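> Chains A and V, in that order, are what the protein sequence lines are. Using the numbering used here, the first residue of the first sequence is number 1, and each one after it goes up by one. Using the numbering used here, the first residue of the second sequence is number 118, and each one after it goes up by one.
Everything labelled a hint here was simulated from the structure, so no lab data went into it. Heads up, a few of these hints could be off.
To be verified - No farther apart than 27 Å at their CA atoms in a straight line, the calculated lysine-lysine pairs in the DSS-like style are these:
no., chain 1, residue 1, chain 2, residue 2
1, A, K19, V, K153
2, A, K36, V, K153
3, V, K232, A, K115
4, A, K19, A, K57
5, A, K36, A, K19
6, V, K136, A, K57
7, A, K57, A, K115
8, V, K232, V, K136
9, V, K153, A, K39
10, V, K136, V, K153
11, A, K19, A, K115
12, V, K156, V, K174
13, V, K232, V, K174
14, A, K19, V, K136
15, V, K174, V, K136
16, V, K174, A, K19
17, A, K39, V, K156
18, A, K39, A, K57
19, V, K174, A, K57
20, V, K232, A, K39
Unchecked claim - Covered by chain V, according to a simulated footprint, are these stretches of chain A (three or more residues, beta-carbon under 8 Å):
no., stretch
21, 73-85
22, 101-113
What you are looking at is a predicted structure, and each value in this text was computed from that prediction instead of being measured. All residues carry an ideal CB built from backbone N, CA and C; glycine is no exception.
Letter by letter, the chains look like this.
Number of protein chains: 2
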Amino acid sequence: MEFKQVMVVRRDLGMGTGKIAAQVAHAAVMAAERTKHRKPEWFETWFEGGQAKVVVKVQSLEELMQVRQRAEALSLPVVQVNDSGLTQIPAGTTTCIGIGPAPADLIDRVTSDLKLL
Amino acid sequence: MEFKQVMVVRRDLGMGTGKIAAQVAHAAVMAAERTKHRKPEWFETWFEGGQAKVVVKVQSLEELMQVRQRAEALSLPVVQVNDSGLTQIPAGTTTCIGIGPAPADLIDRVTSDLKLL
C-alpha cells in the first residue's frame with residue numbers, strides 16, 4: 001500500500017517562500033508525530049518507504065477548514081498550524097494543516113481536487 | 118535553555134515555492150526523528166516548547182556541505198535531503214539539510230551567518 005503526507009497551505013496570506021517553508025515544516029513534523037502515536041504502522045511504512053510529501057494550496061481559511069473537516073470525517077490524523085506571529089502575519093493566524101501520513105487512496109479522497117503549491 | 122531547528126536550503130537550483138516547502142519538510146521530519154533517537158531530551162524540550170524553526174539559504178552545494186561539516190564537528194544531529202527527482206530537478210540532487218533541534222547557542226555557531234530564506 002502506498003502512503004503519503006499532505007500539507008495544505010493558505011495562499012491568501014501573502015507569506016513569502018521562507019515563511020511558507022517553515023509553516024509546512026511545522027505541519028509535517030506535528031502530523032508525523034500525531035500519526036506515529038495514533039497509527040504507528042502507517043508512520044513506519046511511510047517513513048521507511050520514502051516519506052512521500054505533497055504540498056497543495058487553498059485560497060481562504062474557510063476552504064482550509066473544509067479540508068480539515070473532510071479529513072477528520074475519515075478519521076485521518078490532522079494537525080493545524082497557528083502561527084506565532086513574530087513575522088509577516090498576526091499572531092494566531094491559521095496558516096496550514098498537515099494530514100497523515102496515511103494510505104494514499106484515503107488521503108486522495110480529501111485532497112485530490114486541490115492544486116499543487 | 119532555548120532550542121531550535123534550522124533548515125538550510127540551496128537557492129541555486131531554481132526550485133519553486135512548493136518544491137522548497139516539501140524539501141524543507143523532509144529535512145524537518147528526518148532531523149526531528151534523528152534528534153529524537155540521539156538526544157531525546159533535546160527533542161522533547163523543543164517539541165513541547167513551541168518547535169522553533171528557522172529556514173536559511175545558501176547559494177551552492179559546496180556552501181551547504183561546509184555548513185554540514187561545521188554542524189557535524191559540533192556533534193549536532195544533521196540530515197541531508199537528496200531529492201527523488203520526480204519534478205523540477207535531477208534525481209539525487211542534494212537540496213537541503215536539517216540540523217537539530219538543538220540548543221540555540223550551539224546551532225548559532227553553525228548557521229548564524231546565513232541569511233533567512
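> Look at each hint and say if it fits the structure.
Against the structure, the hints come out as follows:
| no. | hint | result |
| --- | --- | --- |
| 1 | K19(A) - K153(V) | 25 Å, holds |
| 2 | K36(A) - K153(V) | 13 Å, holds |
| 3 | K232(V) - K115(A) | 30 Å, violated |
| 4 | K19(A) - K57(A) | 14 Å, holds |
| 5 | K36(A) - K19(A) | 26 Å, holds |
| 6 | K136(V) - K57(A) | 13 Å, holds |
| 7 | K57(A) - K115(A) | 6 Å, holds |
| 8 | K232(V) - K136(V) | 19 Å, holds |
| 9 | K153(V) - K39(A) | 18 Å, holds |
| 10 | K136(V) - K153(V) | 26 Å, holds |
| 11 | K19(A) - K115(A) | 19 Å, holds |
| 12 | K156(V) - K174(V) | 26 Å, holds |
| 13 | K232(V) - K174(V) | 6 Å, holds |
| 14 | K19(A) - K136(V) | 14 Å, holds |
| 15 | K174(V) - K136(V) | 14 Å, holds |
| 16 | K174(V) - K19(A) | 13 Å, holds |
| 17 | K39(A) - K156(V) | 24 Å, holds |
| 18 | K39(A) - K57(A) | 26 Å, holds |
| 19 | K174(V) - K57(A) | 23 Å, holds |
| 20 | K232(V) - K39(A) | 38 Å, violated |
| 21 | 73-85 | violated (count 1) |
| 22 | 101-113 | violated (count 0) |
Violated hints, in rising order: 3, 20, 21, 22; the structure is consistent with all others.
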